[in-house]
Amino acid sequence: MHEFDTDVSGAMSWVADLHKEVEKKFLKAMAALPKWGEPIDSQVRKYCDGLGSWVRGNDEWSFESERYLGSKGLEIQRKRWNTLIPKDCLMGPTETGPVLVDSFLKPVNAFNTEWVRSALSIVKTPLKLHRFWKEYGRTFDTLSTHHDDIRAVILSSAFPKIFSAGLDFQGLNQLGEKDLHIDPARRALLTRALILDVQHAVTAPERCPFPVIAAVHGGVVGLGIDIISALVNLPAALLCLMEPYYQEVDMGLAADGGTLAHLLKITGNHSLARELAYTSRMFSSDDALTLGLVSRVVEGGREAVVGAALQLAREIALKSPIAVSGTKHLLLHARDHSVAENLEYTATWNSAAVQAKDLQEAVNAGMTKSKEALKFLPLRPKL
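Those letters in the sequence shown? Residues 1 to 383, per full-length UniProt numbering, in order.
One should not assume that every hint holds.
[Stated by the list, open to error] Simulated pairs of lysine to aspartate or glutamate, EDC-like, Cα-Cα distance not exceeding 16 Å:
1. 319 with 358
2. 375 with 315
3. 328 with 206
4. 265 with 206
5. 161 with 303
6. 161 with 358
7. 375 with 361
8. 319 with 361
9. 375 with 148
10. 134 with 197
11. 265 with 183
12. 375 with 358
[Unchecked claim] Derived Cβ-Cβ restraints for the label pairs, each shown as a range:
13. 367 with 260: 44 to 54 Å
14. 185 with 347: 20 to 30 Å
15. 340 with 275: 29 to 39 Å
16. 370 with 272: 13 to 23 Å
17. 377 with 349: 16 to 26 Å
18. 301 with 261: 26 to 36 Å
19. 327 with 182: 38 to 48 Å
20. 327 with 281: 28 to 38 Å
The set of hints was computed from the structure by calculation and includes no laboratory data. The beta-carbon is built from N, C-alpha and C at its ideal position, and this holds for glycine as well.
With the sequences and hints as input, model every part of the structure.
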């Protein structure tokens, strides 16, 4: 912790100077990596654009960011939003691999109203702050728009015993107290805008062109269920060892983050889904498997679950990104449309997709029984 008697601009200047030194150390450490050539060097460098840095640890790079504490100054907080890219998954001209996004908001990954600085500083926005749920959504939107060849992403928690404690209701109450002087109608509009803001962030993984896999371990509460419900509709498995429960009914409201919208489209067991939603009782990973919230249960703790998710992500990463992205898109379309509408839409979609070189390469490999891994172009190759 560093205390400042100066104004905010002085604090920001201190952080900028600090990160110049951190970046020097980072680039020096990067030199120890295997040489993939200039493309990989350029790619890793762009992660240093903002007030954040990538630090090497064992076989991984982890991100360090900071949070603003008002007049109390700045605290350098390691792994607030920690994106881990294993060394063998860094993407050079022909290398692709999964990205692991680890949530690390102490103490229990609660989505609160605290202002936190962006931890995925690919775009130069060093002075822009986000509420934690906005940072969650922005992380996935940034991965979608600023990376050319991510094939799969894993969402996990850095805390072994809890995935997410959901919304921080105390923080939300403090936020609402500021609007008490506003008449009910206008206050309702503000509340509605806040709910839509959270919903937009929670559904960010659906907007990604690649699958997002949730490696869930430990407890999942409230909004945490909304998050994994949004992920389940992707063409990827959800791996978990958890004891989640709905929090909202016990807190006096209906779940509004997406669980009620997604759950009955995920599960065929509507009776159990309604029972859990009405009672807010805890349910086990076996119940989650029965509901279809998860594809399988992995025995063990965080390491076992994340390891299984990484294995799945690497398997997906070997497939054609055109095929995987198209499959995800068409599955989401099928969820919200009739069979006839989806069949017609699929025909239109594939009339363009079949023109990719990926199809011919995969067919040729199958006919020749080649065991060599195919090297597909990025989903969005540079022009």
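The hints, checked one at a time:
no., hint, verdict
1, 319 with 358, "holds (9 Å)"
2, 375 with 315, "holds (13 Å)"
3, 328 with 206, "holds (9 Å)"
4, 265 with 206, "holds (15 Å)"
5, 161 with 303, "holds (12 Å)"
6, 161 with 358, "violated (42 Å)"
7, 375 with 361, "holds (9 Å)"
8, 319 with 361, "holds (11 Å)"
9, 375 with 148, "holds (15 Å)"
10, 134 with 197, "holds (8 Å)"
11, 265 with 183, "violated (37 Å)"
12, 375 with 358, "holds (9 Å)"
13, 367 with 260: 44 to 54 Å, "holds (48 Å)"
14, 185 with 347: 20 to 30 Å, "violated (47 Å)"
15, 340 with 275: 29 to 39 Å, "holds (33 Å)"
16, 370 with 272: 13 to 23 Å, "violated (46 Å)"
17, 377 with 349: 16 to 26 Å, "holds (19 Å)"
18, 301 with 261: 26 to 36 Å, "holds (31 Å)"
19, 327 with 182: 38 to 48 Å, "holds (46 Å)"
20, 327 with 281: 28 to 38 Å, "holds (35 Å)"
Comparing the model with each numbered hint stated earlier shows that hints 6, 11, 14 and 16 do not hold.
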